[in-house]
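Protein sequence lines, in the order shown, are assigned to chains A and B.
Letter 92 of the first sequence, counting from 1, is numbered 105 in the working numbering, and no numbers are missing.
Letter 309 of the second sequence, counting from 1, is numbered 857 in the working numbering, and no numbers are missing.
Since the hints were derived computationally from the structure, they do not count as laboratory data.
Listed below are several chain A residues computed to face chain B (Cβ distance under 7 Å; list not exhaustive):
1) Ile-214
2) Thr-242
3) Val-285
Where chain A lies over chain B, by a calculated footprint (3+ residues, C-beta under 8 Å):
4) 736-749
5) 753-767
6) 802-812
Between beta-carbon pairs, the in silico distance windows are:
7) Asp-39/A to Ile-655/B: 22 to 30 Å
8) Asn-719/B to Asp-39/A: 45 to 53 Å
9) Asp-325/A to Leu-627/B: 54 to 62 Å
10) Arg-870/B to Ile-156/A: 42 to 50 Å
11) Thr-730/B to Lys-109/A: 33 to 41 Å
12) Thr-167/A to Pro-873/B: 20 to 28 Å
13) Glu-676/B to Pro-263/A: 53 to 61 Å
14) Lys-298/A to Leu-787/B: 28 to 36 Å
15) Glu-125/A to Leu-791/B: 33 to 41 Å
16) Leu-787/B to Asp-39/A: 58 to 66 Å
17) Glu-849/B to His-144/A: 49 to 57 Å
18) Asn-650/B to Glu-125/A: 13 to 21 Å
19) Val-872/B to Lys-106/A: 57 to 65 Å
These numbers come from a predicted model, not from an experiment.
Glycine residues also receive a C-beta, built at the ideal position from the N, C-alpha and C atoms.
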Amino acid sequence: MPQSDEVIIKVENLKKWFPLRRSLSDITFRRPRRYVKAVDGVNFEIKRGEIFALAGESGCGKTTTGRAILRLIEPTEGRVEFLGRDVTRLDKKEMKEFLRRKAQIIFQDPYESLNPRKTVEDIVGEPLEVHGLVETKAEKREIVSKYLEEVGLTPPEDFIFRFPHELSGGQRQRVAIARALVLEPEFIVADEPVSMLDMSIRASILNLMLDLRDKRGLSYLFITHDLATAKYVADRLAIMYLGKIVEMGPATEIIDNPLHPYTQALISAVPVPDPRHKIGDIPIKGEVPSPINIPPGCRFHPRCVKAFELCDKKVPELMEIEPHHFVACHLY
Amino acid sequence: MPALEVEDLTMYYEIPFRGFVRAVDGISFSLEKGESLGIVGESGCGKSSLAITLMRLLPKNAKILKGKVVLDGINIYKLPEDRLRKEIRWKRISMVFQGAMNALHPIIKVGDQIVEAIMLHEDVSKEEAWKRAGDLLELVGIDRSRLNNYPFEFSGGMRQRAMIAMALALNPDVLLADEPTTALDVIVQAQILKLIKDLQRKFGISLILISHDVSVIAEMSDKVAVMYAGRFQEFGSALDVFLNPLHPYTKGLLSGVPSVKGKPRRLKSIPGAPPNLLNPPRGCRFAPRCPFAKEKCFEEEPELMEIEDEHYVRCHFAEELREVPWDASE
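Just chain B, same shape as in the assembly (with noise of 0.2 Å):
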């Protein structure tokens, strides 16, 4: 079984008088045990909406139309609230997200927070918690002597190493890092990520990362999904995707990332911006930034097809530009 299943989700953010935006529109994906799945997007294409629709921490004014999140046989939907945060946040799935380092409080003991966390979800001494803090920091490469620091005593690594200790104090299935190392220095993110990578490894965990870097989302993941304009518009695994992107979308998006490695190629960008999600474009999202869009594409919105094995398309003419490059549009 797998370890998360999500089917057919919709959130959106209702704005008075002026309708929805269409933040998370019918994603649908299952994710089995130890496996890594990264999301990546540009800013505004719903990947951090579909980070706390899957946690169900949702701000008032966001509806959810229709789907499901199944953890473990259980979709957390249907659940009531305090069995939500009781048995499911946290235990089952825990989230590490973007400046969660400045989300510790600054005049409580680093110590003291990770044993509150433990606590609220376990019946277990405070001693004992304690105890269980200081291991949880040492797995993340902090001697545990530092329980009694404060967070600002803390550089910004610690922090961040700090607050995904927290994320695994108990044992979680899942974890879901959205943009963590955004505001890290490099040598800190790398540090940050390989820690993660290890720890999904040792225990096992299933891991969604979300980021808008696409070297991140390369080094870290097995299977890849591109978001855009609130919907998944290619997935399968990392080495398809980045090696045999399909998608006109991830065409552009690849040819224009630069890398220290290898010979020094043009880059190329993708013209116009993102559309505006309150009133999406009729047929495919991408299309009007779409250098290979027909008449089709502005009307009848694609499906994520199976294009080839285990590797999904939303794209008319996936197949027809298969050996298109993205440079042919000029």
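So here's chain A without its partners, still in its complex pose (with noise of 0.2 Å):
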């Protein structure tokens, strides 16, 4: 299925901010509370049956903005718009019967994210009891089949009863998936889906994904710290750093014509299957600053080789540059 033009999600302005503790001395002397600001102003939206991917190293937020989307940690501020409702307005009910139903999430570590303690079907068919979906165990047992097949665990009754540490990291990523796709939900949050899998089987849960996406029409936000993996399956791409995005678009066009310095010094720094290809310098200085003490206009200008006076004093705005390429930089 084909993407469309209709925006399923988008988010506005949204920001998580951590309070830090505080001291004895700090509360005596009132000084201001501070926070970590793991998200700080993220703009974007998804369009139905498109992959959207979320880069940056770690500490840069996007997890933190995968998981306040689906309100999995609660936002300190903004708007995220799902199917026309307002998610952060939601109550406890429509929680349960809109978002936790209409959106999913698949996590890094199939090794930690399956109950150890319980069966393929178990865990599988645990989102149709909670949702009082079905009523008898046969009809629990055929719906769990029909995913399992769906996402290549056949023949499904090989996979039912086995717990998983009976399974391989690919398969029980796979698990993740069908429990995922069970509710038939329109968007999924994908965090680092394969990055704790071995390399020859990281192809085929990608692909799986491209292929539920073709078939079934899924949105996801897929969040990777590999801009390799991203340039494979995303359409659209955002860079972020200290918790904003600096850079946006069609993912091919970021990769291959970076316009951002944190960007280009990223895509720099990225290894290549290819023995002729050789790592240069990287264009950038020093190292990621706290995100307690985030630097004052342009949060990258510190590391910046290319910064000028502007850039301490004046934040960027998210510009589009190029057609659908959107930059923070005072450059352009």
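Need the complex rebuilt from these two chains, each delivered in its own frame; the hints are there to steer you.
Okay, structure coming up:
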């Protein structure tokens, strides 16, 4: 099913600030509370059938963004419009009946995300029971089998009675995908779904996710630190740095023609599976600063090799520099 | 004379009442001075076991069945432990391993830890050792004033740099790096890899780099060994192995690796999972996952044969399959 123009999820000015613990002297002297600004004003939208990748280094806020959208953690500020409803305003009942049914998540580590004491049938069938969608055991088995087949665990009879420890890493991640699919969601957050898996089986999981998108018109927020994987799966890609999106656009365009100095550094650092290619000097200074003391102006300026006077004074906005290609940088 | 020669090295782990896990099974190679060898394989293929076998840092249940590791004319398995510790480890061969940055003692100053390593092996004064520790830190791009810092005052990348400094403290001939950048972010990874490469060139060190990451191996290695189920399946120059892979496993592995360069193509994976080395399959160990396997493959294990000049492959049908891409199996 091709991509449509229907916007399925729209994230506006999303923020997640984690308060820091205060010391007695902080309280006595009434110092203002300090925050880790993990996500600090993020905007994007995802269309039906689209795979939108959020990439960046550890600590950039990509995972927090994914979780805040699903309200697995409560956003500090901002709006998340999903299928026309503001997710941040849902009450408990609406959360269960709407958000928890229509949106799902796949976690990074299939060794930890599956309950070791439950069989595959119970793991995949649990959402059906929680939402009261099955009445009999036979019904549950039938539905679970259908989804196991869909994720390539065939024949399903061979898998339903197994426990997670009896499965390989790739098979476990397939079980996690089946569990995510069983409620027929329209949107899936996939948080580093292949980074714990062996090289030889990553491709099969990525291909499964691509095939499910094509077949069901699913939309994904695909969170990854690996730009090569992002280029492979994503239609559009956003690069995050210290809680903000610095560049966003069609994935191949961003990777082949990066405009933000941070994206340029990031891409030049990615190793390439070709012995004729050699990593050169990475055009970047220093190390990632703490998200507690975010630099003023452009938060990348202390590390930027192209920084000039304006950069430590004014925060650059995310602007459309080329058609569909957005960059937050004063150079453009 | 090569800097390191490994001959038929075989190390099994003994599991009481169940038998042996054949983690390192008949590994042979030699490494010239200044050369870099990349060993690539998936988790459980035996690559980290090979690393500790090369260093003779074995757990109690590890059994060396046969083979030798010859450094500078000396078989390290013929030396008593105290001479090995004093004369070989760190001085001739040293190691930076996975998560090494967490191996620093948390409440001893970085400088003191490097000084300790130097003074254990060489008869130098504390002042002299401190000065050398400062030189080493500068070598890896850290200001010498940081000798007085504790490890928690360093970032992950700096700790890994400090570990590299320590590994080079006694001018070893061979540096063994087992997944040296696996826990690091991509920019820090690139900086550390470049540092290792520069130091290797500068001092003519021979490097053995072990990684699951095909792309890291491609960037860093002159020669490449592809390891699967405790054995080298393919061995040759990086150009040969990556651009003209001959073993079906190598072909499959490379077809599944995405790249930021080049045109998008559909990635392919290898069906199934690696075998249990407690009871490896008869015949070729890759046969159960190999789409090209024939009857012979399940009966007789192939030898590592020189199929092209200096390009070794362990496959009965390497020549027949020379031009056959991995996709042809579908």
